[in-house]
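S.K.: These are the residues of each chain, in order.
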Amino acid sequence: MDLFVIRHGVAEPRRDDLQDERRELTPEGRKELARAVRGMGRLGVRFDRLLHSPWLRAVQTADLFVGLVDGSTEVTRGLARSPDNELLGMLSGDRAAVVGHEPWLGELVSWLVTGDPGNGGLELEKGAVAWLRGEPRPGRMAVVAVLPPDILRRVKR
Amino acid sequence: MIPAGRWIEHLATWLPVARVGEDPEGVHQVRVAARRLDAWLRLGGFGVLRDDLRWLRAEISEARDLDVLLAGELDADFRAWLAPRRDEVHQRVHDAVDHPRTAALIEALSLLPPLDEATARGAIPKVIRQVLRRGRAVDQASADTEALHQLRRGLRRLRFSLEWVGENGKRFVPLQDAFGELNDHAVLLRWLDRAPQDDEHVARRAEAHEALDRRRIDVVQLWRRSEPEVEALLASWTSS
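If you read the protein sequences in the order shown, they are chains W and Y.
Heads up, the first sequence is in numbering that gives the first Met the number 0, so the first residue is 0 and it goes up one at a time.
Heads up, the second sequence is in numbering that gives the first Met the number 0, so the first residue is 0 and it goes up one at a time.
Where hints are given, some of them may not hold.
What the hints assert, rightly or not - Stretches of chain Y that chain W covers, calculated by requiring three or more beta carbons in the stretch to come under 8 Å of a beta carbon on chain W:
hint: 1; region: 34-48
hint: 2; region: 90-102
hint: 3; region: 143-150
What the hints assert, rightly or not - Among chain Y residues calculated to face chain W with C-beta under 10 Å, some are:
hint: 4; residue: 51
hint: 5; residue: 54
hint: 6; residue: 56
Claimed, not checked - Cut-off 25 Å, straight-line C-alpha distance, at most; resulting in silico cross-link-like pairs (DMTMM-like, lysine to aspartate or glutamate):
hint: 7; chain 1: Y; residue 1: 125; chain 2: W; residue 2: 69
hint: 8; chain 1: W; residue 1: 30; chain 2: Y; residue 2: 116
hint: 9; chain 1: W; residue 1: 30; chain 2: W; residue 2: 101
hint: 10; chain 1: W; residue 1: 155; chain 2: W; residue 2: 134
hint: 11; chain 1: W; residue 1: 155; chain 2: W; residue 2: 124
hint: 12; chain 1: W; residue 1: 30; chain 2: W; residue 2: 134
hint: 13; chain 1: Y; residue 1: 169; chain 2: Y; residue 2: 116
hint: 14; chain 1: W; residue 1: 155; chain 2: W; residue 2: 69
hint: 15; chain 1: W; residue 1: 30; chain 2: W; residue 2: 124
hint: 16; chain 1: Y; residue 1: 169; chain 2: Y; residue 2: 217
hint: 17; chain 1: W; residue 1: 125; chain 2: Y; residue 2: 217
hint: 18; chain 1: W; residue 1: 30; chain 2: Y; residue 2: 115
Please keep in mind that the hints were generated in silico from the structure rather than gathered at the bench.
Quick caveat, the model's predicted, so the values are computed rather than measured.
Just so you know, even glycine gets a beta-carbon here, dropped at the ideal spot from N, CA and C.
Can you build the whole structure from these sequences, using the hints too?
M.R.: Below, the structure is given as structure tokens:
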């Protein structure tokens, strides 16, 4: 499997009067992410399946990527908490994408690559994509590339 | 602005009723809410969450069809065979309501901001055009069941979309009802195909098939009479 681990785009800052789950992408964050998605498309990236967290910034991010999905999308709370076997069980197909949040995406990558979710090491910036390859089980994947959003935005036709 | 809150609450309210399965209204209202929310998402240009709504509708759809069938007139033997199947069909509803995907879907829908009204109204002509395209496919294919089914879905979506932007969608209710009856005949045939094949059953099936064919012709004729109204609707939405 090729697994693309995607952190949501730039969102409005945290505020006491705003629930974390309701934070939206900023207009600039949305524009930049849309350019990054076009860049991924120009690289020929497609997904069989896309899973995403239910939180607003992840939903909005996933929605921008939906044009790259050949199969179906699915919302899951498994991407709004620390990764677990239930989430791993949902990873299927040849090319899957997950859209979620730090620190949990970092834990997911660490778990899949080293077998230990607490191994630290990777924190994705907003709008970045970690591309993994292998079997979606602990310790059975390798990092192919980490694609920062500013690089993706620069991919030309 | 067009918030979806009322219909998200409607969905959340009726899910536990559908789960218990005693009141057929539960499954019916979950399906109604899911369809209206799908129309809302499409007006907003959303691609995500629609597969989740589609999954939920697929999980409950057989239960709804069976409830409608059992509420109708059936001969005693067929009803005696059919009624016990309700429990196994409703187990699927029960499992879907309890599935984590449903809770995640409700959460995601609840977090979405209202639609911008101008964006939603701007999407209406496309919905109308889709109905007209599907209507032409019906005209060309004569009375192909799949083409009719697609037209039915398009009309339903048009009705809900108009209602979301505060316009009258009820004008399409008679046409929707006619399609609904056609669907009821198709459902009856599907269940007859699964029932034990004895002589009485063969006669029942032949009768159901004739009723379906007659209804199909009626629906196509009704659509042809309604088509100019839909064309006029498109003209009214696209004239400056």
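S.K.: Does each hint fit the structure? Answer for all of them.
M.R.: Results for each hint:
1. 34-48: It holds: at least three residues are needed, and the region 34-48 of chain Y offers 4 whose Cβ sits within less than 8 Å of chain W.
2. 90-102: Our answer is that it holds, as 3 residues pass the Cβ test (under 8 Å) against chain W, meeting three.
3. 143-150: violated (count 0)
4. 51: Holds, about 5 Å.
5. 54: Status holds, d = 8 Å.
6. 56: violated (14 Å)
7. Y:125 / W:69: Since the Cα atoms of residue 125 of chain Y and residue 69 of chain W sit roughly 23 Å apart, the hinted pair holds (cutoff 25 Å).
8. W:30 / Y:116: holds (21 Å)
9. W:30 / W:101: Holds, at roughly 21 Å.
10. W:155 / W:134: Distance of about 31 Å is beyond 25 Å: violated.
11. W:155 / W:124: holds (22 Å)
12. W:30 / W:134: Violated, because 33 Å separates the two Cα atoms, which is more than 25 Å.
13. Y:169 / Y:116: Given that 25 Å is the threshold and the Cα spacing comes to 20 Å, the pair holds.
14. W:155 / W:69: With a Cα-Cα distance of about 22 Å, the restraint between residue 155 of chain W and residue 69 of chain W holds, given a limit of 25 Å.
15. W:30 / W:124: OK: residue 30 of chain W and residue 124 of chain W at ~16 Å, within 25 Å.
16. Y:169 / Y:217: holds (20 Å)
17. W:125 / Y:217: Given that 25 Å is the threshold and the Cα spacing comes to 56 Å, the pair is violated.
18. W:30 / Y:115: The given pair, whose Cα atoms are some 18 Å apart, holds under the 25 Å limit.
Violated hints, listed in ascending order, are 3, 6, 10, 12 and 17; each of the other numbered hints is respected by the structure.
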